[in-house]
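Chains A and B supply the protein sequences, listed in that same order. First residue of the first sequence: 1, per my numbering; consecutive thereafter. First residue of the second sequence: 150, per my numbering; consecutive thereafter.
Treat the hints with caution; some may be incorrect.
Unchecked claim - Computed beta-carbon distance windows for the label pairs: (1) A:Ser93 - B:Gly275: 31 to 39 Å; (2) B:Gly295 - A:Ala104: 46 to 54 Å; (3) B:Gln254 - A:Gly100: 23 to 31 Å; (4) B:Ala255 - A:Arg103: 51 to 59 Å; (5) B:Gln221 - A:Lys85: 18 to 26 Å.
To be verified - Short, incomplete list of chain B residues facing chain A, as computed with Cβ under 7 Å: (6) Cys197; (7) Asp210; (8) Leu222; (9) Phe225; (10) Glu229; (11) Gln240.
Said to hold, decoys possible - Distance condition first, Cα-Cα at most 25 Å in a straight line; then the derived DSS-like pairs of lysine-lysine: (12) B:Lys231 - A:Lys107; (13) B:Lys208 - A:Lys85; (14) B:Lys209 - B:Lys223.
Calculated directly from the structure, the hints in this document are not laboratory data. Treat the numbers as computed from the prediction; the structure is a model and nothing was measured. Backbone N, C-alpha and C define an ideal beta-carbon position, used for all residues, glycine too.
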Amino acid sequence: MGATVRLVSVQDAYDDLLQRTLSRIPCEFGRLIYLASTRDYNSGTYHHEGLAARFQADTARKALEIAHRQIFYAVSAYSLEDLVKELETYLQSSRENPDGFLRAWQKLEPYRVAIPLEANPTIARLFLSNIRLALAILRFRREGHPTHP
Amino acid sequence: MGISIATLAAVLLFAAIIVWMKSSLADHQQPFASGESLNREDEIASGCPAEFVTQIFAKKDLEFVSGLGSSQLKKFFAQERKAVALYWVQQTSAEIRRIMRTHLQASSRSRDLELATEAGILLRYGGLQFLCRVLFFTITLAGPRGLQGLAARADALAQRIREAQLGFRTAKEAGRIHGV
Numbered sequence: 001m002g003a004t005v006r007l008v009s010v011q012d013a014y015d016d017l018l019q020r021t022l023s024r025i026p027c028e029f030g031r032l033i034y035l036a037s038t039r040d041y042n043s044g045t046y047h048h049e050g051l052a053a054r055f056q057a058d059t060a061r062k063a064l065e066i067a068h069r070q071i072f073y074a075v076s077a078y079s080l081e082d083l084v085k086e087l088e089t090y091l092q093s094s095r096e097n098p099d100g101f102l103r104a105w106q107k108l109e110p111y112r113v114a115i116p117l118e119a120n121p122t123i124a125r126l127f128l129s130n131i132r133l134a135l136a137i138l139r140f141r142r143e144g145h146p147t148h149p
Numbered sequence: 150m151g152i153s154i155a156t157l158a159a160v161l162l163f164a165a166i167i168v169w170m171k172s173s174l175a176d177h178q179q180p181f182a183s184g185e186s187l188n189r190e191d192e193i194a195s196g197c198p199a200e201f202v203t204q205i206f207a208k209k210d211l212e213f214v215s216g217l218g219s220s221q222l223k224k225f226f227a228q229e230r231k232a233v234a235l236y237w238v239q240q241t242s243a244e245i246r247r248i249m250r251t252h253l254q255a256s257s258r259s260r261d262l263e264l265a266t267e268a269g270i271l272l273r274y275g276g277l278q279f280l281c282r283v284l285f286f287t288i289t290l291a292g293p294r295g296l297q298g299l300a301a302r303a304d305a306l307a308q309r310i311r312e313a314q315l316g317f318r319t320a321k322e323a324g325r326i327h328g329v
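Excised from the complex, chain B in its bound form (with noise of 0.2 Å):
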């Protein structure tokens, strides 16, 4: 009765989201994570810093190399630099994939979420997987070349869904402690 439409519409909305967000999560065929990446997944800590990131995308390597004149040792650079980079790629989707599982596993249990923040990390999410899946596909056809800015994009936007789920984690354990 208090009720308006558009509320209501928002709160389906919302669980059409996490029913989606949850049936991507639960998909184990993943066509750009290796099982090498999902194998090593208690290794990744807090993803790859921010200056390495650069650094498998910079044009300094590159031009170094070309400067020896050869071209197979360029070749051989290009091959080696587009295999971490989509080694990185790989990663960073499959981190992000398992920070979102249980975030949600979390959530779901949660008396007192926050609309507006569950739905800006699911748009994130969302967002960075595209990401990840335009650069994997870009790099495999082109190489890492030119990439620079949308890997720091994505890596910036891995980065924010780290700090909103230690945020979250943060805020339940206080409420743990504290008996709310």
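Okay, chain A solo, but in the shape it has when bound (with noise of 0.2 Å):
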């Protein structure tokens, strides 16, 4: 009965980051980055203030977990074509400067922090290695040749 209800909760909290949080993100990449930030980087625990008052803290962080692991396995199963495309949308989303946005990701690898904590390392490398070419190939598109690290 207390796992029914529990399992329950950690669904209503989950449904409720859906509607209330992750469809206001124009695209399934920025979802990722958005879910990764609300993770503690000491920790690793998540938190989620709106979240944590609606349901049990640990109800939410739960939530958050569930969310950021399922988009993560989304956004790693993309094909290459696909994950530019995303990426170049969370590159407009942000409104940073194109080039600056470009240059800071290809040498500080922020992306790596989007890994869930017991993400399958070779799901993990995958990532990594598709974020590094979607970045190149954005590269080479605005500056008509190719440049990566």
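Make the complex out of the two chains shown on their own, each in a separate frame, by following the hints.
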């Protein structure tokens, strides 16, 4: 009984997260980066003020963790062509200077934080590799010649 | 007296295979298993899903990159995919090695071993390690292009070993619960 109530509660928190927060983010890649940002760098635990207020902190944490893992696997399964489109949408939504954005992302690789803690290591490798390729392709398209680190 | 020569030979052969497998599993000089892959063994739960294995070896992304008309991007893509493919082979080999080590430890304590089942698992293990070595050297030399079928075969074999190990563990736990 207790477990069922907990599961329903996590499902409710998950649905709430999708409807209120994630649906406002224009692309799947943006959702992934957002969810990764709700995770504490030191402890690896997730926290979302609004979700924790509506549900219990533990339930909110679980919902965030599940959503992060699901979106990570969805983005990792994208073809390179689709990932380039996603990254382009994310770049546009960031309102940053595209050249500065691409340079910073290629040098600092901030997308590494988007990998969930318990991700399959091969999928994590594929994800990182595909992002590197997508960034190189976007830069190639902007500059007309390939540049990658 | 009641034991035929054929049965004795089969038992001896089986024992020899076990000894060979144990020495193979105890060998720490793994030519294609990196330190990283071994250190992260605890993170490997059930292998890489088949759809991702297909993606690593598929032609679709290569066709997309080729269509961009840049030889440098094509080269970069080849390097990246080669690294990921090699990593997958290392991970699969290390994971199955770990599963077999656990399985052999458990089966050496078991009193109700099924000879045919054990021989089947060992044969699959040998076959998979052979395939992993072939894949590793071919990818190193020529990249992952055209190896989709072989990779799928290795992945299917790894999955069968995982399932066999899971079945063995479930049966042992059920036996323990029922006091067998």
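For each hint, the structure was consulted:
no.	hint	verdict
1	A:Ser93 - B:Gly275: 31 to 39 Å	violated (52 Å)
2	B:Gly295 - A:Ala104: 46 to 54 Å	violated (37 Å)
3	B:Gln254 - A:Gly100: 23 to 31 Å	violated (55 Å)
4	B:Ala255 - A:Arg103: 51 to 59 Å	holds (53 Å)
5	B:Gln221 - A:Lys85: 18 to 26 Å	holds (22 Å)
6	Cys197	holds (4 Å)
7	Asp210	holds (4 Å)
8	Leu222	holds (5 Å)
9	Phe225	holds (5 Å)
10	Glu229	holds (4 Å)
11	Gln240	holds (5 Å)
12	B:Lys231 - A:Lys107	holds (22 Å)
13	B:Lys208 - A:Lys85	holds (19 Å)
14	B:Lys209 - B:Lys223	holds (13 Å)
In summary, the structure is inconsistent with hints 1, 2 and 3 from the numbered list given earlier, while agreeing with the others.
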